[in-house]
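Protein sequences appear in the order of chains A and B. Take the first sequence: its letter number 56 is residue 56 in UniProt numbering, and every next letter is one higher. Take the second sequence: its letter number 525 is residue 525 in UniProt numbering, and every next letter is one higher.
One thing to keep in mind: the hints can contain errors.
Here are some chain B residues the structure puts well away from chain A; computed CB gaps all over 10 Å [to be verified]:
(1) Gln44
(2) Ala92
(3) Gln161
(4) Gln235
(5) Asp266
(6) Thr287
(7) Ala367
(8) Arg452
(9) Asn466
(10) Arg516
(11) Ile543
So the derived label-pair ranges between C-beta atoms look like this [what the hints assert, rightly or not]:
(12) B/Gly68 <-> A/Thr74: 52 to 60 Å
(13) B/Val492 <-> A/Arg158: 51 to 59 Å
(14) B/Ser488 <-> A/Pro172: 18 to 26 Å
If you're looking for bench data, these hints aren't it; they were derived computationally from the structure. Even glycine gets a Cβ: it sits at the ideal position worked out from N, Cα and C.
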Amino acid sequence: MSAVASSFVRPSTRPDEIHRLLTDVERYNPSNTVLLEDYLARQCANPDPQSNHDLMANLALLKLYQFNPEMVDTDVIRRILAKALISAIPGDFNLCLYLLSDEICSDPSITKLLALRESLERAQFAKFWRDMYGTLEEEDEDASVVDGIAGFDNGLRRLILAEITATYQTIPAPSVQEMVNLDEEAVVRLARENGWTVREGVISLPLKTENEAKALVINENVGFEQLTKMLSAANDV
Amino acid sequence: MYQETYDDEEFVGNIDVVADSYANADEIEDAGDIDDEELLLQAQAGVQSIPEQVRTFLGYLHRNLQSGKVNDLTYNYEMQFPRLSEKYYAKASWPEPQYVAALVNDDGLFLILYRELYYRHIYSRLHPSLEIRFRSFENYCDLFNHILNSDGPTDLELPNQWLWDIVDEFIYQFQSFCTHRSRLNKRSEEEIALLKENSQVWSTYSVLNVLYSLIQKSNITEQLRAQQQGGDAAQVAGEFGGRLLYKMLGYFSIVGLVRVHCMLGDYTLALQTLENVELGNSRALYTRVMACHVSVYYYVGFAYLMMGRYADATQAFVHILTFVSRTKQYHQRQQVDAASKKAEQMYALLAIAVSLSPVRVDENIHAYLREKYADQQHRIQRGGEDALDVISELYLFACPKFITPNPPNYEAEVVEPQAYQLRTFLREARLQLVVPTLRSFLKLYTTMGVDRLSGFLEMEPAELKNQLMVYKQRCRQVKWDGGSDLLSGELVPSTDLDFALEMDMIFIAESRVGRRYADWFIRNANKVQDLVVVLENRQKDTIAGKPKVDAVAA
Numbered sequence: 001m002s003a004v005a006s007s008f009v010r011p012s013t014r015p016d017e018i019h020r021l022l023t024d025v026e027r028y029n030p031s032n033t034v035l036l037e038d039y040l041a042r043q044c045a046n047p048d049p050q051s052n053h054d055l056m057a058n059l060a061l062l063k064l065y066q067f068n069p070e071m072v073d074t075d076v077i078r079r080i081l082a083k084a085l086i087s088a089i090p091g092d093f094n095l096c097l098y099l100l101s102d103e104i105c106s107d108p109s110i111t112k113l114l115a116l117r118e119s120l121e122r123a124q125f126a127k128f129w130r131d132m133y134g135t136l137e138e139e140d141e142d143a144s145v146v147d148g149i150a151g152f153d154n155g156l157r158r159l160i161l162a163e164i165t166a167t168y169q170t171i172p173a174p175s176v177q178e179m180v181n182l183d184e185e186a187v188v189r190l191a192r193e194n195g196w197t198v199r200e201g202v203i204s205l206p207l208k209t210e211n212e213a214k215a216l217v218i219n220e221n222v223g224f225e226q227l228t229k230m231l232s233a234a235n236d237v
Numbered sequence: 001m002y003q004e005t006y007d008d009e010e011f012v013g014n015i016d017v018v019a020d021s022y023a024n025a026d027e028i029e030d031a032g033d034i035d036d037e038e039l040l041l042q043a044q045a046g047v048q049s050i051p052e053q054v055r056t057f058l059g060y061l062h063r064n065l066q067s068g069k070v071n072d073l074t075y076n077y078e079m080q081f082p083r084l085s086e087k088y089y090a091k092a093s094w095p096e097p098q099y100v101a102a103l104v105n106d107d108g109l110f111l112i113l114y115r116e117l118y119y120r121h122i123y124s125r126l127h128p129s130l131e132i133r134f135r136s137f138e139n140y141c142d143l144f145n146h147i148l149n150s151d152g153p154t155d156l157e158l159p160n161q162w163l164w165d166i167v168d169e170f171i172y173q174f175q176s177f178c179t180h181r182s183r184l185n186k187r188s189e190e191e192i193a194l195l196k197e198n199s200q201v202w203s204t205y206s207v208l209n210v211l212y213s214l215i216q217k218s219n220i221t222e223q224l225r226a227q228q229q230g231g232d233a234a235q236v237a238g239e240f241g242g243r244l245l246y247k248m249l250g251y252f253s254i255v256g257l258v259r260v261h262c263m264l265g266d267y268t269l270a271l272q273t274l275e276n277v278e279l280g281n282s283r284a285l286y287t288r289v290m291a292c293h294v295s296v297y298y299y300v301g302f303a304y305l306m307m308g309r310y311a312d313a314t315q316a317f318v319h320i321l322t323f324v325s326r327t328k329q330y331h332q333r334q335q336v337d338a339a340s341k342k343a344e345q346m347y348a349l350l351a352i353a354v355s356l357s358p359v360r361v362d363e364n365i366h367a368y369l370r371e372k373y374a375d376q377q378h379r380i381q382r383g384g385e386d387a388l389d390v391i392s393e394l395y396l397f398a399c400p401k402f403i404t405p406n407p408p409n410y411e412a413e414v415v416e417p418q419a420y421q422l423r424t425f426l427r428e429a430r431l432q433l434v435v436p437t438l439r440s441f442l443k444l445y446t447t448m449g450v451d452r453l454s455g456f457l458e459m460e461p462a463e464l465k466n467q468l469m470v471y472k473q474r475c476r477q478v479k480w481d482g483g484s485d486l487l488s489g490e491l492v493p494s495t496d497l498d499f500a501l502e503m504d505m506i507f508i509a510e511s512r513v514g515r516r517y518a519d520w521f522i523r524n525a526n527k528v529q530d531l532v533v534v535l536e537n538r539q540k541d542t543i544a545g546k547p548k549v550d551a552v553a554a
């Protein structure tokens, strides 16, 4: 299992200035809103999924909005949520939501993101892509929900692929096409990049801890703390 | 029982104190030479109306505060004050501070502390009016001003329990004010006008400012960090932080902040705040006051639950519930009462956490949970809308009071943050319900076709495959790794039942938990040891001819 990327560890791209702000009472200073908004813009412009999301900074921004409702910028909130949507950590999105309110969530773009999130959470990927890009006529309007987020589609595909490879050992290629919203050719290319084998329309995924399904016997571990009481008693005797 | 008889004895032994303060009070009034005779009479009547026993108590409390006898204060505060409140003021407020002033030579600091008790009593027994709420806030400002803005550290010394109660009550009154303010339909027009005029009273910024100032003044963060790294806390404590009053107030403010952050829905910041508070350390400062100890774990557990880290939430709740049930007999009654109330809430939250992410918990806790919530747990595990209803019910019984940090729009409908937080929590919890349902079927097979399972569940095969992916994702949880940062953790499987899909065939693997022999032996060895210690002490006491002593550990 790969080491988990935590949303709470300082990303390499976080400047010192922002870091100081997050670990200090400065985080309550409304005049820092601009700083955090600029930082969010930089996160949105960066397509690299490894380094383009700083949840803690974005939560601090949402908190400033929570305390200063007159400063709320719905478009910023939309982008924060869109970033959280493609975060590899499933809890990030909800953590952002907790800082919002019914009023903010009733904004059409936020409502739309919530609906998208719901399809994603329920692994209804085909529905997700349909809702996301919809039919041609609606395209312009819908695209705006994730507008200005570099690498959104690819970030999303990474997430979906992670779920597929954790669940399946073999899977029909057309299912994958549907789930990641790519055509046959692109999926074959994807398979080659990831070292999957494709035979007669069936993709075999490499085995890893998640999709191995091996039965284990979990044995107890005795921690040292459990023994401290006994040891100290032995010392008294 | 023993404590109560002791209590009465104390009163008998201090009749001279009564006479003392009595005489004093008369002197002051005589010397006061107030023109308005009516006022004087009123004041005299006010003082006279204070029962003798209460006057004794106040005189005693005043003297102990002046001489800084913390042990005596503990007794005044934890034993006498609640008893007198029960006896004389069960349905009324304590004597007006202005009358008490006559008894204590107008000692300003004493009166601030008295007023704190006076208002706190009103909050707990009566319905505080808006005016009382404003005044109580002013009094807190006076108190914290004295502590934070004097030239040097104050000489005041108070017992830990009292300090904790001050911080805790301060936050409670803040929360109570926010809730009061948001119930617009119950507020009169004058009240709303008053609220609009005084928007800085009980403002979120002012409350946070107090807590952060107490933390900063005491250098508590630096002290804790030094301690954690094996250094000497005293070296970084500074002029203020070196005093116990500041150190403990700073520490309790950290715990208070966790509560405020949770009330505002900021669970990450809540856990981040506890960074240097060593959870699990049985000698950490929070263990000095039971209510604080319980509070730390309640909010940590709750924050984890809201973050969808059910295993961590379970661990936090089980830890503190075990502690509460084992140490009940060592604490004062009213502390146990308060802790038991919180414990009941935590059992409800634990029932949610364990149902959503089944794990094996401590036997005693498990037994209690079964007794109390077996039906609810069963219904949650069955899934569907009914499960959500049960979760909501348990949640609303057990969750903290949420607040909106700003004054409401007095012209519009106000929405309660309670419902919003619950709905957001359910978004996550609802997905987790897939786990128990699927698990109950998968458990019966080693291989199974998707179409067959979808037949059992009356679900489209395509949707079932989606749910299987959800199951996979939900069965991995971030779990705290025991470090100082409560937010960090590693992704671990949280179920004993794993599977993989090969096209349309489900291959199921069940992990077994080996018998926990060592755990069993360790626990029972410890039990025997405790028993031996108790018996030995009893024997020693009998030999020494001492009566039974209260078992409070030093």
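**Request:** Taking the shortest Cβ-to-Cβ distance between B/Gln44 and chain A, state whether it exceeds 10 Å.
**Result:** About 49 Å separates B/Gln44 from the closest Cβ of chain A, which puts it past 10 Å; holds.
**Request:** Confirm or reject the statement that B/Gln161 sits farther than 10 Å, beta carbon to beta carbon, from all of chain A.
**Result:** Correct as stated: the minimum Cβ-Cβ distance to chain A is 27 Å, above 10 Å.
**Asked** Can the suggested window of 51 to 59 Å be confirmed for the beta-carbon pair B/Val492 and A/Arg158?
**Response** 22 Å, violated
**Item:** Beyond 10 Å from each Cβ of chain A, as asserted for B/Asn466
**Value:** 4 Å, violated
**Request:** Verify that the Cβ of B/Arg452 lies farther than 10 Å from every Cβ atom of chain A, and report whether the claim holds or is violated.
**Result:** Its Cβ never comes within 10 Å of chain A, the nearest being 18 Å, so this holds.
**Item:** Least C-beta distance between B/Ile543 and chain A, which was stated to exceed 10 Å
**Value:** 19 Å, holds
**Message:** Just to be sure I understand the hint, the distance between the Cβ atoms of B/Ser488 and A/Pro172 should be within 18 to 26 Å; is that true here?
**Reply:** At 39 Å between Cβs, range violated.
**Asked** Closest CB-CB distance from B/Ala367 to chain A, is it above 10 Å?
**Response** Holds, since 21 Å exceeds 10 Å.
**Asked** Are B/Gly68 and A/Thr74 spaced within 52 to 60 Å by their CB atoms?
**Response** This hint holds: roughly 56 Å between Cβ atoms.
**Message:** A cut-off of 10 Å on Cβ-Cβ distance, and B/Arg516 was said to be off the interface with chain A. Does that hold?
**Reply:** For B/Arg516, whose nearest Cβ neighbour in chain A is about 4 Å away, the distance does not exceed 10 Å, so it is violated.
**Message:** Beyond 10 Å on every Cβ pair: is that true for B/Ala92 relative to chain A?
**Reply:** 39 Å, holds
**Message:** At 10 Å, judged by beta carbons, does B/Asp266 keep clear of chain A as stated?
**Reply:** 6 Å, violated
Consistency note: the structure conflicts with the earlier hints numbered 5, 9, 10, 13, 14.
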